[in-house]
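K.L.:
These protein sequence lines map, in sequence, to chains A, B and C. Each residue of the first sequence is one higher than the last, beginning at 1 in the numbering used here. Each residue of the second sequence is one higher than the last, beginning at 1 in the numbering used here. Each residue of the third sequence is one higher than the last, beginning at 1 in the numbering used here.
No lab work stands behind these hints: they were computed from the structure. Hints should not be assumed to be uniformly reliable.
Stated by the list, open to error - Below are the DSS-like pairs computed for lysine-lysine, each with C-alpha atoms no more than 27 Å apart in a straight line: (1) C:Lys527 x A:Lys375; (2) C:Lys376 x C:Lys149; (3) C:Lys376 x C:Lys527; (4) B:Lys176 x A:Lys49.
What the hints assert, rightly or not - Partner residues are not named here, just some residues of chain A that face chain C (Cβ under 10 Å, in silico): (5) Arg187; (6) Thr234; (7) Cys343; (8) Leu377.
C-beta: ideal position from N, C-alpha, C; glycine also.
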Amino acid sequence: MTDTLTPILTETWDLPQSWRLATYRNHGGYTGLRRALAMRPGAVIDEVKASGLRGRGGAGFPTGLKWSFIPQDNPNPKYVVVNGDESEPGTCKDIPLLMACPHAVVEGAIIACYAVGAHRAFLYVRGEVVHVIRRVRAAVDEAYKAGLLGKDILGSGFSCDITVHVGAGAYICGEETALLDSLEGRRGQPRLRPPFPAVAGLYACPTVVNNVESLASVPSILKNGAAWYTSMGTEKSPGATIYSVSGHVVTPGQFEAPLGITFRTLLELAGGVRTGHQLKFFTPGGSSTPILTAEHLDVPLDYESVAAAGSMLGTKAMQVFDDTVSVVRTTLRWVQFYQHESCGKCTPCREGSYWLVQLLKRLEAGQGQEGDIEKILDICHQVGGRSFCTLADGFVACVTSAIEHFRPEFEAGYHTPAWELLPYERSAKFTVAVPEPAPVIAPAIVEVAPAPAPEPAKPRRLGRRRGKGDAA
Amino acid sequence: MSGTSEDRHPFVSDYAGTGGIDESDQSTHITETTLAEMRELAARYPQPRSALVPMLHLVQSVDGRVSPAGVRACADIVGLTPAQVLGVATFYSMFKRRPAGVHHIGVCTTALCAVMGGDLILDHVCHKLGVDEGETTPDGQFSVEAVECNAACDYAPVMMVDWEFMDNMTPEKADKILDDLAADRPVNADRGAVITSWRNSERVLAGFSDGRADEGPPAGEASVIGLRVAKWHGWQAPMPKGGAAK
Amino acid sequence: MSEPSVEATDLVTLTIDGTDVSVPKGEMVIRAAEQLGVAVPRFCDHPLLDPVAACRACLVDVLDAGNGRPMKPQPACALEVAPGMKIATAASSQVARDMQSGILEFLLINHPLDCPMCDKAGECPLQNQAVSHGPLESRYDGAKRRFPKSLPLSALVLLDRERCVLCQRCTRFSEQISGDPLLALVERGAKSQIGAGPGCAYDSYFSGNVVQICPVGALTSADYRFQARPVDLASTPTTCENCAAGCALRTDARHYAVKRRLAAPDPSVNDDWNCDKGRFAFRSGHLDDRLTTPLIRRGTRLEPASWPEALDAAAQGLMKARRSVGVLPGGRLTHENALAYSRFARAVVGNNNIDFRARAISEEETTFLTWLATRKNPDWVDYRALDAAKQVVLVCLEPEDECPMIFLRLRKAWRRRGLPVTTIAAYASRGSHKMGARLRATRPGTEASVLRGMADAGQLDAGTIVLLGERAALAPGLLSEVARLADDAGLRFAWVPRRAGEMGALQAGCLPGLLPAGHSVADDKAKIELAAMWHMPIPDSPGLDTQAMLEAAAAGSLSALLVGGVEPADLRDPALAHRAFGKAYTISLEQRVSEVTQLADVVFPVALLEEQEGTFVNWTAEARSVGLVNPQAVAPMPDVRVLSALARAMGKQVAMRNMRNPAQARAIYAELDVRRGIPAPRPSVRPGPADVPRLVLDKDVIEVTLAGWRQLLDGSRCLDGADALVATAPAPVMRLSAVTAAKVGLSAGAVATLSAGDSTWTGPVEITSMVDDVVWIPLRSVSECGRLDAQPGDRVRLGAGGAA
């Protein structure tokens with residue numbers, strides 16, 4: 001039996017200068033690459049296939065199988081694109097990975113290039129994380145200087161270049177075809193398939209798009225063998241992965257474990273729900289996956305079991321919410337996220353999210369009208385499976401599962417504002433004292449008003465407009 | 001300012017003023033050097049158009065926003081029409097139409113951070129600076145923006161300063177950061193480098209190193225909590241059959 | 001050329017709503033549904049644009065994907081047919097019905113209630129499909145997106161972003177079809193909208209097409225807005241008169257006044273498109289200067305007269321001139337009217353002094369056109385031939401300006417299958433870039449040797465088509481070279497005139513050595529046969545061409561001129577033309593007051609194109625019908641009717657017998673055997689030595705070779721009245737290479753002047769990669785830059801600054 005936690009990718013994250021080549025090499029870094037270069041490219045693909053590694057970007061598609069789709073008889077250059085556009089709410093594993101150990105991703109990308117016959121990889125990193133980009137660029141520079149990139153790598157005759165490319169703030173660019181369009185210098189809008197990226201991807205050339213964590217897992221598979229990888233996890237979901245636990249737990253963070261660990265175990269390892277509170281609901285794989293509740297604590301967190309429980313493993317982003325949290329508030333805020341991030345190309349996502357935000361907002365404000373919930377569910381029915389890409393399916397999952405599990409709370413929106421039912425300040429991580437006027441540090445032309453007369457202590461209402469029924 | 005606070009996420013349906021960049025201000029600081037750097041960026045890709053987003057970051061680092069001159073320069077170098085460049089410049093959230101402040105403050109208000117206190121912090125910061133969400137202080141020092149999930153959920157609530165991580169935020173911590181920045185005292189990101197400026201960050205994003213990659217810790221506490229727990233229990237990954245390869 | 005037959009093995013059979021249908025492999029399900037007559041709602045789909053599957057209105061239920069398993073709902077516009085596929089649309093599936101209703105509901109939630117004031121109402125796909133496939137009532141009680149209304153994208157096209165359903169047909173058309181991506185989707189999500197670049201208007205030659213294909217009233221025409229409702233309009237199919245492409249148009253008139261013209265679908269010529277000139281330039285006949293009565297010159301003034309008076313006066317003038325008459329029909333007539341002039345010259349006047357070319361010409365061109373018209377088995381090139389060509393070479397032809405449908409066709413072939421296009425020109429125009437054309441940079445006048453060089457190098461093979469324009473007349477030896485290659489090496493080529501009436505006039509025999517239906521004046525047998533049909537002897541010797549007629553008239557040796565639609569400004573020497581029309585007894589058949597009418601002795605008001613029916617023969621030699629749009633015009637007198645009446649007034653009605661209206665003229669032509677006689681010889685002009693300008697050192701003035709062509713939107717009078725269209729015309733610039741500019745100290749944007757004799761042209765400079773010591777200007781441009789009395793290939797002087 002494998003241990004409860006199995007640090008592989010995270011193993012070096014507590015070492016000083018863990019991001020440097022020297023540190024990485026001291027811990028077996030680039031051994032996988034050496035091994036790969038001594039094999040036939042086809043054999044590298046077979047090894048990754050045999051390991052059962054599944055894409056860690058949410059879809060869980062077998063990585064080796066994806067590599068094998070690249071047609072070797074296509075005359076066009078082939079490309080490997082690393083998807084570092086981690087933006088799914090709740091997901092927070094790729095960014096720390098790139099910051100702490102970018103070489104794992106670099107090595108994985110080179111191995112992937114070798115396996116599929118590509119000589120150029122692009123590392124697409126979201127733009128809102130400047131320090132991650134510094135670390136990644138520095139790692140690529142180090143690799144070049146050490147002869148791990150460029151011409152004739154390690155004397156193998158294989159040449160490979162990596163270009164680090166930066167995004168500019170669009171969640172939709174995490175979708176692989178939208179990412180390719182963004183990488184081509186266009187708006188990040190998903191593409192029609194067919195043709196599939198494997199045949200016509202970047203610049204209409206055969207392209208493999210892999211998640212950061214997927215590629216970071218490849219070096220260890222090549223180093224230790226596929227059998228080692230399948231000795232962890234379950235039969236259909238082999239290996240280990242990074243589970244992210246955030247929210248109302250005592251010690252949120254990253255927990256690398258074999259697939260199949262239960263949420264109960266993870267919750268315990270994260271210190272449990274914060275003191276004095278109960279678990280209310282959680283997401284197994286980011287906001288695009290149907291929420292689960294305490295009755296799902298023992299579901300093994302692998303792809304099949306979570307699907308059987310009515311949700312999706314997704315990016316293994318466990319967002320934990322306790323009893324202080326208004327489901328209506330979080331659902332609204334997630335749908336506002338999706339509406340803001342919708343690319344706007346297709347009707348149901350663009351208009352559906354626009355409509356849903358308004359309906360949820362009035363439920364949040366206690367101004368819902370009879371029939372709003374049915375309308376919301378009907379809109380979800382019209383959107384789900386009808387859109388161009390799965391962004392819309394994400395908010396549909398979010399909304400329908402929230403109503404399924406917490407319908408009475410939504411119904412309360414017909415008459416009571418959510419912040420009255422569950423005062424918002426109670427869910428904050430820090431204690432909210434009665435506020436004093438904060439000093440204004442903007443320009444001198446604004447006169448500092450004299451301190452107003454003290455009012456009786458009243459909890460602050462957060463994040464909404466003055467509504468009817470306010471006493472103040 | 002006690003008692004109530006404004007709705008920082010109002011539903012907006014009036015889109016007057018959208019669809020373009022601010023053409024009333026034709027000023028620019030783009031020089032021949034900037035153009036040469038743009039061409040250099042274009043040369044890093046098999047097809048020059050791929051450099052468009054990095055080039056727009058470079059324009060922002062020079063002009064503080066996507067300027068009309070910047071759009072034209074990008075269009076010329078990449079071989080597109082200004083309309084096509086505008087289509088890209090207006091698609092992505094990081095591209096600003098009005099000049100950003102010296103420092104850009106991004107408070108995450110996606111569901112988890114909001115619930116963990118992000119809404120409160122955004123409110124607090126807006127009140128402190130005397131501006132609304134999305135605005136820049138009149139002295140040009142700070143812009144405030146509600147941002148979406150920045151992949152640091154285990155450090156919620158999160159605030160980005162010039163796109164550097166400020167983790168586990170509280171209103172008091174926000175006060176300290178803003179006061180220090182306003183007074184030109186050095187401020188270090190929790191998981192990053194010393195705070196320089198939004199324009200400097202934009203330049204790094206465009207593709208020009210500022211040499212600070214080695215600043216900051218490898219990871220934050222939350223990132224290594226699992227590793228620590230594993231070590232405490234003596235848990236590790238299985239050994240490969242025949243030992244690890246060397 | 002007939003369609004290649006589709007073999008049975010290329011067809012795929014699928015089932016839609018229980019009925020089988022077979023369509024070619026690679027087709028999309030939505031096309032198969034159309035074939036069955038099944039209505040599938042759609043907005044973003046358009047048969048000529050690559051599918052985007054954005055609107056999702058065409059979602060269908062896929063009961064069987066052809067592999068025995070169902071699929072989740074798919075957009076029919078992007079779903080390729082597969083054998084054994086089973087599809088259910090709203091006609092047979094409640095699921096599909098609900099899906100489509102849902103999508104339409106979504107589209108309507110933000111759609112403004114503008115129908116009462118929206119141009120599109122009554123012919124609006126959103127209205128129609130909402131009624132046929134949408135929900136009965138709206139459940140939406142939220143806020144609708146608001147944008148400021150009616151954003152001008154250009155002087156012609158207005159955008160209403162509230163109405164836009166983001167189908168992206170306009171952006172895709174602009175990017176794919178016309179190659180002018182001046183419109184793009186901007187913003188993201190609910191804020192998505194169509195936008196133009198900062199400071200850039202949507203000044204594409206094809207901008208009107210997006211108004212036509214917009215499925216809602218988001219894009220409207222400034223030219224047409226608020227003027228009519230579809231129910232008011234009577235539609236007439238017709239052919240465009242603004243160039244020789246032969247585009248099919250649909251003219252919509254309200255109370256017999258033309259309100260707008262749309263492109264009619266014709267895959268063999270213009271697909272679903274037309275250019276802005278064809279679409280919007282139809283107002284020139286409705287201005288204050290329209291001629292309504294005949295005029296007779298008495299003393300120095302032209303006075304209104306009755307038809308009998310004017311006909312008598314003209315008849316007397318012509319009879320006094322006897323055979324000393326020249327006929328200048330102009331290049332814009334219908335085929336029937338041109339035939340009338342041709343017959344008038346031969347049968348009524350009794351000579352062969354007729355020439356349709358109201359522009360700069362050459363004897364070489366005269367010989368060439370006569371050879372072309374009389375050639376046996378001429379193997380005309382058509383649009384389909386361009387689709388299938390292995391290579392296209394353009395010489396003295398700028399398709400985007402001079403024949404836009406050729407441009408669209410070549411661009412389409414280049415995009416679809418990489419058709420190589422080569423252009424022999426002074427510089428690579430914007431249109432050239434959009435066709436991926438390779439430039440053979442050539443000094444104007446030396447095109448012949450370049451083409452010969454290509455032929456000698458084996459580059460003009462059996463799959464090559466050469467396209468020549470009207471400027472080929474000005475390149476010595478070029479037409480001879482083409483004719484030689486055609487006769488001796490089987491080169492396929494086409495002569496593409498710039499005007500709609502020139503090919504028809506050619507077939508009608510409106511040249512000094514050419515008789516109707518492709519017979520040479522030198523062909524005795526043909527003359528005898530024609531004389532027998534027309535009951536008048538056919539004059540023996542070839543007549544005078546345009547230049548010779550004007551010179552003779554100005555010198556006094558040609559007594560009378562019978563003139564159709566001719567503008568002196570189009571001719572090589574307008575001053576000569578003025579003298580000619582002033583001196584000779586000039587009879588003008590015109591629609592509007594013009595320079596010629598002001599000099600004429602008798603003026604007859606002829607019918608506008610919309611007041612007659614007829615035929616234009618396009619550059620592929622296909623006869624295209626012109627429809628009668630305004631049957632209510634009071635006694636319309638097309639040229640044929642005027643000439644018939646004039647013959648009668650001269651007592652020579654026999655000479656014009658049975659030719660009093662276009663239908664009769666057409667019947668007369670149909671009686672003629674086409675091209676049965678002796679072919680005329682081809683020209684054999686050798687190209688002269690490459691004429692290198694001599695540097696004239698005189699205060700920074702140098703000699704250069706002039707290059708230029710007529711842009712689509714130029715100073716032509718046919719654009720009068722179409723103010724919005726004219727406002728989109730490109731600003732005139734003078735193009736020269738950096739080397740040339742440096743010789744006279746010019747930088748970009750500086751003003752420079754070209755001069756020839758006393759004439760000058762002044763404009764801003766644009767440094768362009770092109771042949772040195774060549775300067776390009778737009779000929780007869782919209783703005784007042786002056787008028788240079790020189791033709792492409794001539795030597796002119798270049799100097800910095802304004803006109804001295």
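K.L.:
Work down the list of hints and note, for each, if the structure agrees.
P.N.:
Structure-based check of each hint:
A threshold of 27 Å between alpha carbons decides the hint, and for C:Lys527 with A:Lys375 the separation of about 84 Å lies outside it, so the pair is violated. Between C:Lys376 and C:Lys149 the alpha-carbon distance is near 60 Å, which puts this suggested pair outside the 27 Å criterion. A C-alpha spacing of about 18 Å is found between C:Lys376 and C:Lys527, which places the hinted pair at or below 27 Å, so the restraint holds. At most 27 Å may separate the alpha-carbon atoms for a hinted pair to count; B:Lys176 and A:Lys49 exceed this at roughly 51 Å.
The beta carbon of A:Arg187 comes within 7 Å of a beta carbon in chain C, closer than 10 Å, and the hint placing it at the interface holds. Because the closest C-beta pair between A:Thr234 and chain C is about 27 Å apart, greater than 10 Å, the hint is violated. Hint status for A:Cys343: holds, given a least beta-carbon distance of 6 Å to chain C, under 10 Å. Given the 10 Å rule on beta carbons, the hint for A:Leu377 is violated: about 13 Å separates it from the nearest Cβ of chain C.
Of the numbered hints listed earlier, those contradicted by the structure are 1, 2, 4, 6, 8.
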